[in-house]
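Protein chains: 2
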Amino acid sequence: MSDIHTIPYKIYLEEHEMPKAWYNVRADMKNKPAPLLHPGTHQPMTAADLEPVFCKELVQQELDDVTPYIDIPQEIRDFYKMYRPSPLVRAYCLEEKLQTPAKIYYKFEGNNTSGSHKLNSAIAQAYYAKKQGLKGVTTETGAGQWGTALSMACAYLGLDCQVYMVKCSYEQKPFRREVMRTYGAQVTPSPSNTTEVGRKILAEHPGTSGSLGCAISEAVEAAANQEGYRYVLGSVLNQVLLHQSIIGLETKAALDKYNITPDVIIGCAGGGSNLGGLISPFVGEILRGEKQYRIIAVEPASCPSLTRGKYAYDFCDTGMVTPLAKMYTLGSNFIPSASHAGGLRYHGMSSTVSQLYHDGFLEAVSVEQTKVFEAATYFAKVEGILPAPESSHAIRVAMDEAIQCRETGEEKTIVFGLTGTGYFDMVAYQRFNDGEMTDRIPTDEELAASLAQLPKVD
Amino acid sequence: MSDIHTIPYKIYLEEHEMPKAWYNVRADMKNKPAPLLHPGTHQPMTAADLEPVFCKELVQQELDDVTPYIDIPQEIRDFYKMYRPSPLVRAYCLEEKLQTPAKIYYKFEGNNTSGSHKLNSAIAQAYYAKKQGLKGVTTETGAGQWGTALSMACAYLGLDCQVYMVKCSYEQKPFRREVMRTYGAQVTPSPSNTTEVGRKILAEHPGTSGSLGCAISEAVEAAANQEGYRYVLGSVLNQVLLHQSIIGLETKAALDKYNITPDVIIGCAGGGSNLGGLISPFVGEILRGEKQYRIIAVEPASCPSLTRGKYAYDFCDTGMVTPLAKMYTLGSNFIPSASHAGGLRYHGMSSTVSQLYHDGFLEAVSVEQTKVFEAATYFAKVEGILPAPESSHAIRVAMDEAIQCRETGEEKTIVFGLTGTGYFDMVAYQRFNDGEMTDRIPTDEELAASLAQLPKVD
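Protein chains in written order, with the UniProt record's numbering: chain A, 1 to 458; chain B, 1 to 458.
Just so you know, not all the hints are guaranteed correct.
Note that identical chains are pooled: a pair holds if it fits in a single copy or bridges any two copies.
[To be verified] Subject to a maximum C-alpha distance of 27 Å in a straight line, what follows is the list of computed DSS-like cross-link-like pairs (lysine-lysine):
1. 257 / 10
2. 97 / 412
3. 10 / 20
4. 257 / 20
Simulated from the structure, these hints should not be mistaken for laboratory data. None of these values were measured; they are calculated from a predicted model.
Work out the full structure, taking the sequences as your base and the hints as a guide.
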């Protein structure tokens, strides 16, 4: 390595080069994501149906599938400037250690206290809640990254924040809870006795370690039962992908600045927020017939919605209180094993990502967590960043692609999303370091059983 | 706030603007820091005396008080590029919330997995050890930041790394230990039974929570007893301040780029590595008669070496196995209370910083940890970064300065060092959030007792 790299280790946009509008990929989709359906009537949800649960302006964003660019309010752009632009990093060290001719880049979203990309949508949702004059918001969190991000955004704007945290994460990550508390949030392990749906789930599954689906049910109920509160969600929804498009827009601007065209774009996929945001502007180019890219969604083998799920209408939560979304799903009553990538333990997948996958614009692969942690540990030593388990799914596949290039001699340009850091995931690393990590993959029978209970929609 | 800031929220140097040489402030000091003395003969330590303990090239750097600039080897500069340049952040949000006319900047060193500035010297020391053909290095760590940084550097270069971690930090921060393990280091709580000096300290102070001074003794002994090992230290030494000058050089380059002249420069002070590095180039200007700045060292009231210590020769460690350094000290057998700023729990202060303080080039203040955590929590909410307890000492005093400006109307430019993040300090935050944090300040009698045991040097 030397000083004469024409491309720096880290590409930072200038402040004035930061995106001033989010990109709404749905506007360029010929096959629009299917609408949310009312769980009772099975009719498309209207703004009036959604507004008791979500903030008004966010409902508009949720339903808008025609406007390609939506301005980012100045206040949100100012907040973004505290921790953005995030760097697009050229992984020179990783390339060298892997002895690959591939060029590897990663968009690193972990350099903020929430530890992930989640802050991009948290500040947007909190901003619109504040603008509407609300007192506070409720939400769920899996790995704790979304809850932390929302706590930070709410503290900044002076909003109350109530977080239902998936029980296995709550127990594995006491310090995540403490970060949220430091930011003034109220954190409850889910399922809990504080909601009707929580009590029901506990009665049916005593000793459950919880899931994102359960926690969503509880947070929705909590919002409905409090005056001046609305529910906010860190993934899955169209609005979240819209906000997260900042990741892809910055990535594309940074690549364009140096005339770099990626061959492969890789992101981890749980609910689809990071993946959807990262790939949006690139998929837009594909949809408009301007470019071709290979796009890979990486999901955990323990919760394989794209690779083993069914494309169907399903509830977004375990308690079946939410609208129905058409998505790749494992069934809303599927409870994944207590893997360490809490942020990927979701039974479904964003409707937008699902539609794009269904239409062949992206591939999907699933990987086992022990392989993921091998990649994470390797990456930490070589690139100096200890990655989140979720992000490490993308690292695993990016490394596999680069290793393949070593064998074929191809000089592919690989871009992947490094969504966050693993500083609050040390229990997982400890288990891996001690050789105690296992892989638990659902059997075909288990999946068939949970899929058999999908709601019937004509 | 608006888009028309002429100064961005974050000033990043371009890669080609990064310093290519470290700055050695001793070259510009008329009164040089007093030399290390041999603990037996009380004669100045020679290179030959030091080389059994330290790497050769580092010994040269330790003793060199005449060369103003020392080239940074290309390999170290390449490593720096993975996580540097670090941003100089304009604290627009903090200024607004404090309603101060002051302009506040902070140099943020926490955006790397070690969580602090320590990596700047860790990679340098590991590099020279590797170059010398050594097998490994031993060291101590307080808060765990230095140990983590050294583990990262050693993993990168393929060196063995043995860390003695101050027992109270080891217990408060199991996850720090796990990060070090992930990077392949061997971590032992100190005092331990693995060394003679450790066994002696345990016998004399059963149940002690340890200190940096104890851990140093053990690490030095461990290096001496293993073929192909040397001892490395994360603070106090001249060589460390030299490496850490990168902080100040980048800060000054970023300020110069926008024609900003600071009035006040503030840093926390434990052993002096961050403070010394941050202020070096500014002090250089003062020493050469080019500029004037007010410089403030902030130390914990529980371990107040500058404000309540004595300027005298003392051992660098508790076990009295190291050379004697002339410094502001509380006595090498002083064991500070188990405060949460583990990185500041050191009885002495870098000889260079001590000499500068003695000659009136800087001021010093001490602050109590409850006041520090008030500032830390406020800063986290406003600026979106959860700071390390150590760094928060500087935040406290920077905020106090800014609040004073609000009262006087002065538009001072305040620069402080934000050395790291508090992600592994959540036990401390929890105690603060629960209202259980206390301040334990040594009595005059306690200090007199430990100072009475200073070695007698003519």
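Hint check:
1. 257 / 10: Answer is both: 12 Å inside a copy and 20 Å across each meet the 27 Å cutoff.
2. 97 / 412: within (16 Å within a copy, 48 Å between copies)
3. 10 / 20: Answer is both: 22 Å inside a copy and 18 Å across each meet the 27 Å cutoff.
4. 257 / 20: both (17 Å within a copy, 26 Å between copies)
Taken one by one, the earlier hints all hold for this structure without exception.
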